[in-house]
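Enquirer: Sequences and hints are given; from them, build the entire structure.
Protein chains: 2
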Amino acid sequence: MKRTINLGLIGFGTVGEGVVKLLKKNASVIERKSGTRVRIARICDKNPRRAGALNKYGLSRDVFTTKINEVINDDNIDIVIELIGGCEPARKYMLEAIRKGRHIVTANKALLAEHWSEIFSEADKHKVLVYIEASVCSGIPIIQSLNEGLSANKIKSILGILNGTTNYILTKMSKERMDFASALMEAKKYGFAETDASLDVNGMDAVNKLVILGSVTFGAHIKLSDVYCEGIENIMQEDIEYAYNEFGYVLKLLAILKNNGKAIDVRVHPALVPGGHLLSSVDNEYNAVYIEGDAVGEMMFFGKGAGEMPAASAVVSDIIYLSKNINNDIAGRAPYIICNSEKKLKVMNIKDIRAKYYIRISSVDRPGVLSRVSGVLGEHNVSIASVYQVAQGKPRGDVPIIMVTHIAREGDIKKALSKIDRLSMVGKKSILIRIEEPNE
Amino acid sequence: MKRTINLGLIGFGTVGEGVVKLLKKNASVIERKSGTRVRIARICDKNPRRAGALNKYGLSRDVFTTKINEVINDDNIDIVIELIGGCEPARKYMLEAIRKGRHIVTANKALLAEHWSEIFSEADKHKVLVYIEASVCSGIPIIQSLNEGLSANKIKSILGILNGTTNYILTKMSKERMDFASALMEAKKYGFAETDASLDVNGMDAVNKLVILGSVTFGAHIKLSDVYCEGIENIMQEDIEYAYNEFGYVLKLLAILKNNGKAIDVRVHPALVPGGHLLSSVDNEYNAVYIEGDAVGEMMFFGKGAGEMPAASAVVSDIIYLSKNINNDIAGRAPYIICNSEKKLKVMNIKDIRAKYYIRISSVDRPGVLSRVSGVLGEHNVSIASVYQVAQGKPRGDVPIIMVTHIAREGDIKKALSKIDRLSMVGKKSILIRIEEPNE
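From first to last, the protein sequence lines are chains A and B.
Here the numbering used here is used: position 250 in the first sequence is 250, and no number is missing along the way.
Here the numbering used here is used: position 240 in the second sequence is 240, and no number is missing along the way.
Derived from the structure by calculation, the hints contain no laboratory data.
Hints are supplied without guarantee of correctness; some may be wrong.
Within a straight-line C-alpha distance of at most 20 Å, the following computed PhoX-like cross-link-like pairs (lysine-lysine) qualify [what the hints assert, rightly or not]:
id	chain 1	residue 1	chain 2	residue 2
1	B	Lys100	A	Lys156
2	A	Lys156	B	Lys25
3	A	Lys154	B	Lys25
4	A	Lys344	A	Lys223
In this text, all values refer to a predicted model and were calculated from it rather than measured experimentally.
Expert: What follows is the structure, given as structure tokens:
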């Protein structure tokens, strides 16, 4: 009862080649698990020179085309694998393929984060499945787990280290005392950052991924504009060091989603986590997702979040699952990702979040400054848990006062800091970093 | 197009009650994710007094029965949830339910580990699905991930902390310097160990779970008798301390599966892992599974491995998935767990494994002993990487020599140790603990 499943691959870059490599390398495993044969029928890339890689994998040159319609309009193709990335023309191609009744496997986080509702309603309408495991944390099966394995839970929070580039940079800054610019250069040198790493560094890559995780969790699209975002560009090495040496915190770029039952809180920003917490041990290019569900309690997924073969692992696993269902004639007869486009999610304003905070104030070295500063904080309902005053400033420099607050409202602490920054005894603008303590 | 899915629950103990509680608490989430309504039609327990818990959950007493046939033979029941545990009569009930065409959700690791092939061939024959997520690591979706999300990979190794009771005991022994007996008592006191914890402590519970993980991975039954097993009953607090203080290792009860492409290596025993490795940070009652796949690389799952609600999380997530497919009339039309009963797995003998080892030798305190001991080891192709001689013995006591070897063959090192133990200058029997360094 075995039929052959035909794949049409769009985008023959690094991940595309990884997929072809893995399909060949593990062909027998894939046949055993899918119960069918999987065949690359077509590969499309606008760059004709990429056809050169085909014979490495024993594929005939006839498989290659530069014309997208030869994939989308080919009725032999069961699954379209979209790996070109970016919103356009990927969106157009994907919607056309869906309308032609092709199932989709994609790694395209930017497209999904922006056009979630459109894609999944169109897929629903045409009874095709869109599989997206590779779009977040590569090979870590986090989408499937949130969508199915943990589906009995109300998800209370997700804390993710979702971007390998920034995690690599922060690890270098904290373990080797590099400044941001040198750590970024090193990340580029060793292939952990692209030439243009701006979407990693400014947090937008993590925002895209958080939107996907959240939208899977809530069964409705979380809009990009609903996610508060800060990158790591302005993180100073000295804050990483003070926070660790004085208070035991480790700095990570966290993607945070919390649900208190009334509103959701979604944001991406640098955050301090306790040194004893598992998330603090996730170093270098690794990713992790820490989840709290009302039944399952706390759990974590850890692994590589990028790279040719980890991404191929997710894409090919999706292909196996789809192929098995196509072969048994049931693909598309039950929905996979459910998206209710009517559902409105109430999102919390960043001013209303409550957290502990790390603050660094650059005081001109003279008595009385701590008393003034803590007075202003107190007037705004911010109370200090712990303070560290650096004994000696640089010659004629400012002397930093480092503190950690008790839980406070963000709107209040920001007002207090803007007042503090205007005090004559305070030098440069104060630094504020949110603290995230998952066990509290 | 919504129909109601009827559940028949067998076994109304802790997990059974957790399932009923979760079905009620998260009813709206469950309805949204399954696209259908899920209803408890029948609960069977041989102890009639357990019916007393029903009204807590708004269930009528008519739902309860002590007669198993009222569940198995009721043609309204779509899914039988087997939570009685143990091999018999659970096996008999499950096979009967399968033959009647009921889909199954079970948490029964002992039954699955022993009768894997029989259960899955019977399920195949009758086109029903057997879902087993709760049988290993409770709510951590490790079965689904190995079976689907990571299915494109050849799995090179699995290292699991699969038993919460022993992990709790070992954490107490290492962090609070307790001896085994006191740590076990404390585990019982705080509910992390049953009154009879023998199957936890002797490693058999972890063996059952490893058999399940391995059988899912290879698509064929790994037999219980193929798994080498040692428990933690004989672990001395002093070895935990020496291994950590002198060499930086942390002791865990590890379930290990390795595949070199020729034979598989499956075993459960105490093992030392490097203090910097993520597995070493998995403390108390938590579980973790560290996996290396040829495409995905290294990854880890972490979470609670036991307890009423974590187990209910897995059971109810399986119910949601099955209900969705039953409602769309596709349940059982594609296989879930594939079991090839013909396939023979070649299993490595423990004598042929190669590892680094921690050794403690009780020498009578006199010069020359180290030279004799290292001589014997050398004759058996075991070379020493690092040695630590305790300066002073107890008055008239033995003086321990602690060492870590380079990689050696287990058969060789055991022969050497039995020779060393017969030397006149050596006191008590030597201690041997395997070292597992996942990154090497």
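Enquirer: Could you tell me which of the hints above the structure violates, numbers in ascending order?
Expert: Failing hint: just 1.
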